Amino acid sequence: VFVSSHILAEVQEVCDRVGIIDKGVLVAEDSVSKLSVKLNLKPKIIIELEKISEKIVESVKKVEGVEKVEAIGVMIHITCNQKAKSKIIISVEKAGGDIVNIQTKEPSLEEVFMRFTEG
Numbered sequence: 002v003f004v005s006s007h008i009l010a011e012v013q014e015v016c017d018r019v020g021i022i023d024k025g026v027l028v029a030e031d032s033v034s035k036l037s038v039k040l041n042l043k044p045k046i047i048i049e050l051e052k053i054s055e056k057i058v059e060s061v062k063k064v065e066g067v068e069k070v071e072a073i074g075v076m077i078h079i080t081c082n083q084k085a086k087s088k089i090i091i092s093v094e095k096a097g098g099d100i101v102n103i104q105t106k107e108p109s110l111e112e113v114f115m116r117f118t119e120g
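Numbering-wise (the working numbering), the sequence shown opens with residue 2 and increments by one.
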């Protein structure tokens, strides 16, 4: 079955493979996760803490595989490779952080599409 849509979030929910066409040319075809790997797109980890400190943020920045750390309120948004996740959790706890919630956000089809079409 072929589905064509510009609502990429819905496409990602229902399709296990996607093809990306740019200017009439098929530029990519695979699962979103495999296309993300090809583009070197990293997942984002969002950690909610009881309270945040500079010590916690700095300890996360030092973890191997962490590329970007952004503190927003009691949340830390981290861009990293998949292997860094457990090390990040340990780092937060060693720095005195009380973790309330952890979410992993994989790259979206929209991010993949924009990279392949240079949008």
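It cannot be assumed that every hint is accurate.
As the list claims (entries may be wrong) - Taking lysine-lysine pairs in the DSS-like style, the calculated list, with each CA pair at most 25 Å apart, reads: (1) K35 / K95; (2) K35 / K56; (3) K39 / K24; (4) K24 / K86; (5) K95 / K62; (6) K52 / K69; (7) K86 / K43; (8) K84 / K24; (9) K24 / K35; (10) K88 / K35; (11) K106 / K43; (12) K24 / K63; (13) K35 / K52; (14) K84 / K56.
FYI, nobody ran anything at the bench for these hints, they're computed from the structure.
It should be emphasised that the depicted structure is a prediction, and the values quoted were computed from it without experimental measurement.
ask   = Which of the stated hints cannot be reconciled with the structure, identified by number in ascending sequence?
value = 1, 2, 4, 8, 12, 13
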